[in-house]
Amino acid sequence: MTNARRIKATGSSPLIRLRGLTKVYGQGEAAVHALAGIDLDIHDGEFVAVMGPSGSGKSTCMNIIGCLDVPTSGEYHFRGVEVDSLSSNQQALLRRHYLGFVFQGFNLLRRTTALENVELPLLYRGFGSSERRELALAALDSVGLTGWETHTASELSGGQQQRVAVARAIVTRPAVLLADEPTGNLDSTHGREIMDLLTEFNVSLGITIIMVTHEPYMAAYAQREIHFLDGRIQQDEARSLRGVRR
Amino acid sequence: MIISNALSLAVREIRRNLLRSGLTTLGVVIGIAAVIAMVNLGEGATTRVTGDIASLGRNLIIVSPGGDHNSGPGTTAPPFDVADAESIAREIPGVVAVAAVSSQLAVAVYGNANWPTSVLGTDNAYFDVREWSVERGRVFDAGELQAGKAVCVIGETVALELFGFQDPIGASIRFHKLSCKVIGVLDAKGQSSFGQDQDDLIILPLRTFQRRLTGNQDVALIFVSARSGQLTGKVQQDVTALMRERRHIPPGQQSNFQVSDMKEIVNMVESATGILTALLGAIAGISLLVGGIGIMNIMLVSVTERTQEIGIRLAIGAMERDVLMQFLVEAMVLSSIGGIFGVGLGLACSAIVGHYLDTPFVFNPLIIIVAVGFSCLVGVVFGYMPARRAARLNPIDALRHE
Ligand SMILES: Nc1ncnc2c1ncn2[C@@H]1O[C@H](COP(=O)(O)OP(=O)(O)OP(=O)(O)O)[C@@H](O)[C@H]1O
Ligand SMILES: [Mg+2]
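Chains as they are written, first to last, in my numbering: chain A, 1 to 246; chain B, 1001 to 1402.
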């Protein structure tokens, strides 16, 4: 824990800094360049939308930022610390204390209740059981799942599972929330509710959000829009105004 | 992460996967129970058989006429006589008792009851070498032995068959035209492990037996009791030498009699039952192995699911050691539960089966330790090793594991 705590903002360096990041799957002829050189800076408090066609490398990039995967080459600095130089335990602590992740495929424990799924990251943070329960219930409530706490993940619909995944990612109030299509399985009403929730986290708690989406009206919630194409950043534009909500 | 957390996580996972947990535990239970039951039964059988042989008499040496199996057919070795027995008692040091014994089958009759049994002619030394005493009445007195009186000591079975609940002492029984007064009833020895009822006999003074039943001076067997277990070898040699001399066997020629040390027979039987125990142990070892493979199978089948679970845990901030702790505790809890039930079942089986086979219950802590140790090792290794491999993957690789 102490090691992870040492990851403090160093001067003006960005929260996340990627340089020449590549990720190659497979070898030789069959090699797939999922990321073909990414340079990217993301600062504290930003709300970034990542867009781009399917297979353009968005999830790959998110996984690397989330310390779930390692790049083939290139550099990744988190608050000025080179992530590659951290031990696997230190990376675990980075995930535990700084990052929240909503997976494209949810990745919930299937035979485990919604409540226990949401409590899980708190368990590893060392919260007591009553506190875990309280925070997890509040998080489930904020994604509109009150009454579904005791259902196991496999009993929930795709959209409900997605909302449990969102609740699990935000329950720890992470410094950075990485969300890979967090509204992909939701109708627009529930989708907008989640987006309102994320925006509120971003504005009132200063949580940095990086969100992959295919929907322009979802991307409109962000301050900055990054477009991926064939493993490269094709376009990176800031919005002066928060999008046309509603 | 604190141990109690790991424990509660593990218990929760066990409850959530009852089938998997149950099957794993079953593997441990069966393996342990099989080993314990088999080995305990084998040892019980050994204890019983050797105990039976020992009940023939301690430090016993039996001298019988007849050569070994090499002697040609038709050669009948001359029998012993009382003088042979007396010379052993007189000339060989380290001998505490010598009993000359002859026997015959007879149908004993008392009132309306009759009972086929064997009749033994011997003297009081027989009770010493066989460490046998009378339960009621008395043994022969010197006058009776000397004069060859028609008195007898009977075994428990004969007493029951002829007299039922009546008191046999003082009553007269008849066999081979001999009417004989019962003066004593022997302690019950029960069945030998060879299925022979040791209490089914009538004992007469040797002289009575020779005069009234056989009409000759022959003695079939001589029972010799050595003073201590160490002396039996020496006594065996001395008896052989003495008998060769008395029977005028020139050096180099084979003896026409045998001197067998019961200790050797005990050793032989012990090694035979030892092989039996080892065999049972080996079978049990195989069941242990099969149980182990069962555990392994279940653990490996669930690896995909568990690898994904580990990926999720790693992704939301678990360290390798948190995951390992959880899986280790889980494997240990399952193995311990299986161990407890396995030991219980194994002991219960050996007690029940032992009861029906009439073998004593032997408690062998070593085999329990070995069985429990092995099963737990299998449970822990195969619960733990895949988890360790998964916990070392990149979280994303663990998540994608198929
Ligand atoms: N584990 C893997 N092994 C091999 N190739 C992979 C692997 N993961 C991703 N790829 C390849 O990398 C490329 C980028 O994949 P990625 O998942 O980043 O796309 P994406 O932009 O998230 O697409 P989508 O919008 O469909 O989620 C794809 O061509 C994909 O086939
Ligand atoms: Mg994707």
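The hints are simulated quantities; they were obtained by calculation from the structure and are not laboratory data. Virtual Cβ for every residue (Gly too), placed ideally from N, Cα, C. Any given hint might turn out to be false.
[Claimed, not checked] Label pairs and their in silico Cβ distance ranges:
1. A:Asp-196 - B:Gly-1344: 55 to 61 Å
2. A:Ser-87 - B:Val-1290: 40 to 46 Å
3. A:Ser-87 - B:Ser-1008: 57 to 63 Å
[To be verified] A short list of chain A residues far from chain B (calculated; beta carbon distances all over 12 Å):
4. Gly-28
5. Pro-53
6. Glu-116
7. Gly-147
[What the hints assert, rightly or not] Covered by chain A, according to a simulated footprint, are these stretches of chain B (three or more residues, beta-carbon under 8 Å):
8. 1023-1030
9. 1307-1314
Evaluated hints:
Look at A:Asp-196 against B:Gly-1344: about 60 Å separates their beta carbons, and that is inside 55 to 61 Å. The beta-carbon spacing between A:Ser-87 and B:Val-1290, approximately 42 Å, falls within the hinted interval of 40 to 46 Å. A C-beta distance of roughly 28 Å is found between A:Ser-87 and B:Ser-1008, which places it outside the suggested range of 57 to 63 Å. Remark: the non-interface label on A:Gly-28 is consistent with the geometry, its nearest Cβ contact in chain B lying 21 Å away (cut-off 12 Å).
Against the 12 Å criterion, A:Pro-53 stays outside the reach of chain B, whose nearest CB is about 21 Å from its own CB. Non-interface status of A:Glu-116 relative to chain B is broken: a Cβ of that chain comes within 12 Å, the nearest being about 8 Å off. No Cβ of chain B approaches the Cβ of A:Gly-147 within 12 Å, the least distance being about 22 Å, so the stated non-interface status holds. Given a C-beta distance limit of less than 8 Å, the hint that chain A covers the segment 1023-1030 of chain B is violated, as 0 residues qualify and 3 are needed.
Under a criterion of three residues with beta carbons nearer than 8 Å to beta carbons of chain A, the stated coverage of the segment 1307-1314 of chain B is upheld, 6 such residues being counted.
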